[in-house]
Structure formats: structure tokens, C-alpha cells
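Peer 1: Residue strings, one per chain:
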Amino acid sequence: MNSLVSLPEASTHAGAVDHIFYLLLALSGTTVILVFGLILLFAVRYRRGSKAKRGPMPEILSREFEIGWTLATLLTFIFLFWWASSADLSSLAAPPHALEIHVVAKQWMWKTQHTNGAREINALHVPLNRPVHLLMSSQDVIHSFFVPAFRVKQDVVPGRDTDIWFQASKRGTFPLLCAEYCGTNHSMMRGKIVVMRQDDYARWLTQQPEGDDLAHEGAKLFVSQGCAGCHAASSNVHAPRLAGLYGRTVQLADGRTVSASDAYIRDSILQPKRDVVAGFEPIMPSFKGLLDDGEIQSLTAYIRSLREEQQND
Amino acid sequence: MTDALLAGELPLPPRPDYLRHGSTIRSWLATTDHKRIAILYAVTITVFFFMGGAAITAVRLELFQPNGWLLTSDTYNKLFSFHGIIMVWFFLVPSIPNTFGNFLLPLMIGAPDVAFPRLNLFSWYLTIAAGAFTVYALVAGGVDTGWTFYTPYSSMFSNTHVFAAAAGVFVVGFASISTGVNFIATTHMLRAPGMTWFRLPLFVWAIYATSLIMVLATPVLAISLLLVIAERVLGLPIFDPARGGDPILFQHLFWFYSHPAVYIMVLPAMGVVSEIIPCFARRRIFGYDFMVYAMLAIAGIGFFVWGHHMFVSGQSALASLVFSFLSFIIAVPSAIKVFNWTASLYRGQISFESPMLYALGFVGLFTTGGLSGLFLASIPIDIHVTDTYFVVAHFHYIMVGGSVSAFFAGLHFWWPKVTGRLYPERWAKFAAILMYAGFNMTFLPQFFAGYLGMPRRYHTYPAEFQIYNVMSSAGAAVLALAYLLPLGYLTWSLFYGGKAARNPWSATGLEWTTSSPPPPKNFDRQPRVDRAPYDYHAEGVSAGTAPPEMQNARETR
Numbered sequence: 001m002n003s004l005v006s007l008p009e010a011s012t013h014a015g016a017v018d019h020i021f022y023l024l025l026a027l028s029g030t031t032v033i034l035v036f037g038l039i040l041l042f043a044v045r046y047r048r049g050s051k052a053k054r055g056p057m058p059e060i061l062s063r064e065f066e067i068g069w070t071l072a073t074l075l076t077f078i079f080l081f082w083w084a085s086s087a088d089l090s091s092l093a094a095p096p097h098a099l100e101i102h103v104v105a106k107q108w109m110w111k112t113q114h115t116n117g118a119r120e121i122n123a124l125h126v127p128l129n130r131p132v133h134l135l136m137s138s139q140d141v142i143h144s145f146f147v148p149a150f151r152v153k154q155d156v157v158p159g160r161d162t163d164i165w166f167q168a169s170k171r172g173t174f175p176l177l178c179a180e181y182c183g184t185n186h187s188m189m190r191g192k193i194v195v196m197r198q199d200d201y202a203r204w205l206t207q208q209p210e211g212d213d214l215a216h217e218g219a220k221l222f223v224s225q226g227c228a229g230c231h232a233a234s235s236n237v238h239a240p241r242l243a244g245l246y247g248r249t250v251q252l253a254d255g256r257t258v259s260a261s262d263a264y265i266r267d268s269i270l271q272p273k274r275d276v277v278a279g280f281e282p283i284m285p286s287f288k289g290l291l292d293d294g295e296i297q298s299l300t301a302y303i304r305s306l307r308e309e310q311q312n313d
Numbered sequence: 001m002t003d004a005l006l007a008g009e010l011p012l013p014p015r016p017d018y019l020r021h022g023s024t025i026r027s028w029l030a031t032t033d034h035k036r037i038a039i040l041y042a043v044t045i046t047v048f049f050f051m052g053g054a055a056i057t058a059v060r061l062e063l064f065q066p067n068g069w070l071l072t073s074d075t076y077n078k079l080f081s082f083h084g085i086i087m088v089w090f091f092l093v094p095s096i097p098n099t100f101g102n103f104l105l106p107l108m109i110g111a112p113d114v115a116f117p118r119l120n121l122f123s124w125y126l127t128i129a130a131g132a133f134t135v136y137a138l139v140a141g142g143v144d145t146g147w148t149f150y151t152p153y154s155s156m157f158s159n160t161h162v163f164a165a166a167a168g169v170f171v172v173g174f175a176s177i178s179t180g181v182n183f184i185a186t187t188h189m190l191r192a193p194g195m196t197w198f199r200l201p202l203f204v205w206a207i208y209a210t211s212l213i214m215v216l217a218t219p220v221l222a223i224s225l226l227l228v229i230a231e232r233v234l235g236l237p238i239f240d241p242a243r244g245g246d247p248i249l250f251q252h253l254f255w256f257y258s259h260p261a262v263y264i265m266v267l268p269a270m271g272v273v274s275e276i277i278p279c280f281a282r283r284r285i286f287g288y289d290f291m292v293y294a295m296l297a298i299a300g301i302g303f304f305v306w307g308h309h310m311f312v313s314g315q316s317a318l319a320s321l322v323f324s325f326l327s328f329i330i331a332v333p334s335a336i337k338v339f340n341w342t343a344s345l346y347r348g349q350i351s352f353e354s355p356m357l358y359a360l361g362f363v364g365l366f367t368t369g370g371l372s373g374l375f376l377a378s379i380p381i382d383i384h385v386t387d388t389y390f391v392v393a394h395f396h397y398i399m400v401g402g403s404v405s406a407f408f409a410g411l412h413f414w415w416p417k418v419t420g421r422l423y424p425e426r427w428a429k430f431a432a433i434l435m436y437a438g439f440n441m442t443f444l445p446q447f448f449a450g451y452l453g454m455p456r457r458y459h460t461y462p463a464e465f466q467i468y469n470v471m472s473s474a475g476a477a478v479l480a481l482a483y484l485l486p487l488g489y490l491t492w493s494l495f496y497g498g499k500a501a502r503n504p505w506s507a508t509g510l511e512w513t514t515s516s517p518p519p520p521k522n523f524d525r526q527p528r529v530d531r532a533p534y535d536y537h538a539e540g541v542s543a544g545t546a547p548p549e550m551q552n553a554r555e556t557r
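Top to bottom, those sequences are chains P and U.
The numbering used here puts the first residue of the first sequence at 1, with every later residue one more than the last.
The numbering used here puts the first residue of the second sequence at 1, with every later residue one more than the last.
To be clear, the hints were calculated from the coordinates, so they are not data collected in a lab.
Ideal Cβ positions, reconstructed from N, Cα and C, are used throughout, including at glycine.
Please note that the accuracy of each hint is not assured.
Here are some, though not all, of the chain U residues that point toward chain P, as calculated from beta-carbon distances under 7 Å [claimed, not checked]: (1) 335; (2) 345; (3) 383.
Using the sequences plus the hints, can you model the full thing?
Peer 2: Here you go:
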């Protein structure tokens, strides 16, 4: 838990954020002392009727001062921008072998699902010292995934996937909060992040009730929703094959190229006429309204797993 | 000639001032006199200020306990939404421009009225109509979207009176636009002979820059609210992702208005203190032209920083970088202004009447609020503290610590001119100091709570934040008292206050050359201007104590 004035730095990222914070704090403190100090000094020294020297003003007190402090402020701010932004850029993309966990937000709860299918509500167990990559979507309004101890926050938006990653560096239980106002029980949309040692996490994971993992669920949906009718290798319909698709660059009919990411797969399920693959007719129907966000995540996980199978071949 | 004659106190033929020019209800409600319209606005925004204040009093009371002890979550959400909507659009945006701006702009540039007097009155009626919509929304059951109306919550999920509230804000936007057009035209067309652009008082420049933003930004607010209404009422797919819409689009449109709106709220405040500090320090403002350029730069760059509200919304990293950079850049002109106000005190003859106390309070609180803005411009820090109480503290420092302090500074400074009465100075000083203390007690703890991770708009909250909320709520009680005091002693002064001379502060500026209160057409003779503003002493020397009336007397001749 927090002490009154400090927050645990429980992720590898938190220390860097706090460094910038403390630098800004020192700089702001200095400026406040300077400005308040000067105002107090002038207020006392030049109070009406005091004996302090007035008379003709010194020559230099004009343009030079003005230009001087304008430039000094500008350069300081540009330095701050550079420093803060370089820290941000270095932590932008998740490392390639991060543990992927899916998060679905809805009024007013967090649902999380691990790779083996284990599900949690308003809780998330993660291993220590291992990058964790969260793929998040919302079923209704905008929420925001906020873990103060990790210094991370990301809006969870309906209709698109957002992601965030962190590497926990302290064991313990840390609050998870919704930071974007989402209606009546916004303030009750809280949960906990439990950081465990890696072997504890592995043990915890196996003890969870058996649930199909995401890719298996996706495989079932792939058949039950009729995807397999066209996209399966045995199908006679002229439709793009999905094995090895994930992560590849796809040539589109209109000459553009896109990378086959989660967002692309999601869009192709919901708005198949938008990015038509070169060489194929736009015959696929939209699945908008037929699949919920969890199901789309499962299908995406299945398509991703097709890449892995091919690589094993 | 005697000093009194030189000071402009010439025996004039008796004529009624603008307050006594007519006393029927109709003479007020159908007036086209900019001064009377300013009074209408002042009464209106005072009512709204205390309505918004009452809502937040209930909120602060509720937050004494972490688990809610007085209100339901829905009521809580409606109260903070009402507070935000009322305070932003029905108090802060019209506060200084529509009261002091209306009253002083023609007086300061030596004009008999604004350029379009009837449009001016129309804009007040629009404000009243808009206020009726918004208050109806409250009476009918409230609106719970927050003042930001984020979609898809506002357009698809909220079961409250979003339509009435959005319609109110939509209509009050047109009041803003017509006021802006009016002030721009007035500044361009009606300046007295000799009143060149660089002889304008900084308050006029501030109102001018504010009007530019009002005219250019407010239409975008109207568009975004219209789109919310279109989706909510007509079912058009605009923000609904299931039908190809994009909820983030709303945020871009909304902040394209609402970030510049911050400058609509704070630029006039800068103008007010730029009048007051030279007067009570008996100094020319330091770096007049830099102050002008800084205000225009703020008004201009202010249009290109909206994305810093959206660092966690999922916008691209490149967009975030650009917005972060521009947000740092826009802090430069604000910093220049703080340095210049401070430097204006150097070698002054400073006295500490209540307007000066409020103005110095403004500089301190604006500096603190501005510096906390640097944290929010830095992407990694913003990601951590956005949507927490850190942001709440930050914008209250700018808007309440800054703009409201400046509003009270101006209220006390120009009260004798507006009403012709003097208020009890001791009470005023006491209220100024109490307001400063109460403000810091309320909002300083919120920086800590926010950094430690307390999200905003939380009805219930983790118990470890209770200490900060109790401090905040206790401070809010002090602050509420400090806001009620002026209501008492200023009202008292209307009936029992001493009569004010035309220039009780020995200030420069054309508004002080006419009688207090001014006659209906402002000046008995056409003013002529032959010098720069803030002419408290000869160039190149420091403050003297001789009043500037001599110069004013020459100007009115």
C-alpha cells in the first residue's frame, strides 16, 4: 500500500517516470522560489514610501533581459521535451516475446484472460520480471486501464484494440483503477494486479479451472461461424489462406499494403470490404453484430496460432 | 489652474450617469448601453457562479468519506457534471469578457459604445436562453456525462438529459461568438483619435485576443455537440464504432475547442492583472510589446496543442510527440508574462490595496498552475497523472486560482468606476487573503492525491486517499466563505459605501478620465490620446508618486 507521500515503483518503467517527475519538481520548485522570492523581495523593498533607491533605471534593464529569459525558457523547455519524449519512445513497443494477456473492459468490470484460457474478473495475476503485453478492448464505452504503481495508463476504446505493456519488478498486490469516466459505477470499476514469482505464476496458472485457451476457442468459432467454409485449406471458395498470415505484409487490391496485425484482422472481420486483398473478390460478409469483442479476440488468437503451427513445420 | 482643475474634476453640467439614466425594468432589459449589459451579465454570472458552487459543495461534502455517505453515485456524477458545465460555459467563459470587457472596452478605447450594441444585448438573451436549457437539464433530473460529453457514453449510454445540457452549451456558444465578433469590430473601428494599436491598454489586447479565439474555436464546439445530438436523437452513426463511427473523433473536435477555451478563460485574467500591477506599483508595465506578442502567441499556438489531452486515448506516437512539443512551446509566452509582471514591481512604489493583493495572488497561483502544466506536457508523466486529481488541481490553479482571482481583482479595482461607490477596504483585504489561503488548502492536496493515483470523477475512492480529500474539503469550506464575503460587503457598499471620485486609484487609462459612474455615452468630450499606456512616470526612470491625473486632464481637453 501507499505511504502518504510515495507510491511504490513496481515496474521497470516506473523508475524512469519518477526521474523525470523529480527533475520537473526540482525545476518547478526553483522557479516558484525565484518568482515568489522576487515578488516578496520587491514588495518589501519597494513598498510605497520606502527609502530604497529609485531614480533613473539602469541602462541594460530592457530588451536584453527580455530576450535573455525568453531564450532561456525556450531552451529549458526544449530540453525537457527531448528528455521526457526520449524516455517515452524507448518504452513504446512491447518486447517481441512478452506474455500476451487479453483484457476486456465493460461497465463496470475488468475481464482478463490468460493465454491458456484462465479467466479472472477485476484481477490480473502476472509473473515478476517478465514483460507482459495487454491487448485490450471495450464492449461499451471508453474505459482506461490504470495501474498507478506501474505508472501505466491506456484508454480502452470500443471498436478498436489498444495495447499496453509493462514488466513488474516488485512482488505484491497493486490497485487497478478505471481512469476514464464510464458512468454510474465508474468509481467501483477497480481491481487488483497480483505480481508473483515466475514459478508461482506457472503453478497458479495450472491451478485455474480448465478453460479452453483462446486459440482453441477461436478454432471452434472458426468452424461454427462459417469462416472455415471459405478460409479453410480444403475449401473450394477463392478466399485468402490464413496460415502464416499474422505479421506478414499484405498486398491490397487498391495498391496499398498493410501489416496483418490484430487491428487488421479485427477490421477484416467487421468491415471486410475495407481492405480487400489483391486478387480476391470482395465477397465476404461482415460479422459486425454477430461476434462480441471476446469472440473476435479468440478468432484473432486462432489466426495468430496458425502462424505458429506453420513455423513448426 | 488649481490641482483639482488639472485633475479633471471640472464643474460639469449635471447629467444622469448610466445607472440613473432610466429606472424602469424595460430600460434595463431593452438597453443597448454596453455598461448596462455588463451589469446584466454580472448579475447572471453571479447567479451561475453560486449555482455551480453549490453543486461542488455537495461533492466536497460527499468526499469527506471514502465510501459515500450522502449521495448515490448517480447524483454524485450529475453534481460534478453540472458544476463543470455551469462553471466553464456560464461563469468562466463569459466572466471577464462579458462583464469587464463589455463595460471597459469602449471606455478604454474612448468609444461611446461597442460596434454592435443590439447584437450585444442579443448575446445576453442567448446566454439566458442557454442557461434556461442547462438549468432545465438539472431540474428535470440532471446530466451525468461530465462537462466533456465524451462519446460513446454521452451519445449512446447515458440515460440522463444530455440533449438539454448539450443544447444549452450549443446556444451559449453563439453568445460567445457574437460577443467576440462585437469586440473585434469595436477594437478595429472605434478607437479614439490617437489610440494606436500599441497605445492600447493590455486589457484591450487581452480581450481582443480572446475574441479571436471565441470566433474561431467556438463553431467547432457547436459542431461536436450537434453531432452528439444527431447520434443520440436521430440515431445517425457518427461515434458508434459498431456502425463504422469513431468515438475518438469526438475528442479531437471537443479539445480543438476546449483547449483554446482555456485561453478564453485565462487571457482576460492576464489583461486584468496587467492593468492593476502597474497602477499599484506606480510603474510602466515591463516589456509592453512583449506582453502583446505573448498574448497573440498564446492565442495562436493554443489552437495546436489539443492533442495533449489525448496521450492515453490511443492516438499515434508521432501525434503525441508533436502535441507534446507544441505544449512546451506555448508555455514560453506564459512564462514571459510572469517574468514581466514580476519585473514591473522592480523600483516601484508598491501599495497593497485589495485589487493588488488579488493580482499578486493571481501571479503566484498562475505560476504554480502553469508549472504543473509542464508535467502534463511531458508524455510519460502525463500518462501517469492524466485523469487523476493532479489534472483537477492543475486546471483549477489556472482557472480558479488564476481567472477567478483576477476576476475578483478586477471587480475591486473597477467597482468604484462601475457603481460610483467605495467598498470597505479592510473587509476586501481580508477576503483576498482568505481566498488565497482557502484556494491553496483546497487544491494543493489534490496534486499529491493525483500523483499517488486517485482518479478524478470518483464517487468512492480507496481509503488511503481520505486524508487528502478531508484536507481538500476543509479548504473548500474556507474558500466558500471567502467567495461569500464580497457578496456581502460589496452589496453593502451599494447602499452605504462612500461616493467614489472619478479616479480613486490615480490610475492611467481613459476609463478613469470620465465620471464614476460614467454618463450614458461614456465621455462628455471626445478623448484624444497622445501617449502610450501606463504612463506612471517618464521613460527611463523608476516610479514616482505623483498621480498621472495631469496627463489625463490634458488628454480629455
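Peer 1: Hint by hint, say whether it matches the structure.
Peer 2: How the hints compare with the structure:
1. 335: This interface hint holds because 5 Å falls under the 7 Å limit.
2. 345: holds (4 Å)
3. 383: holds (5 Å)
Of the numbered hints stated above, none is contradicted by the structure.
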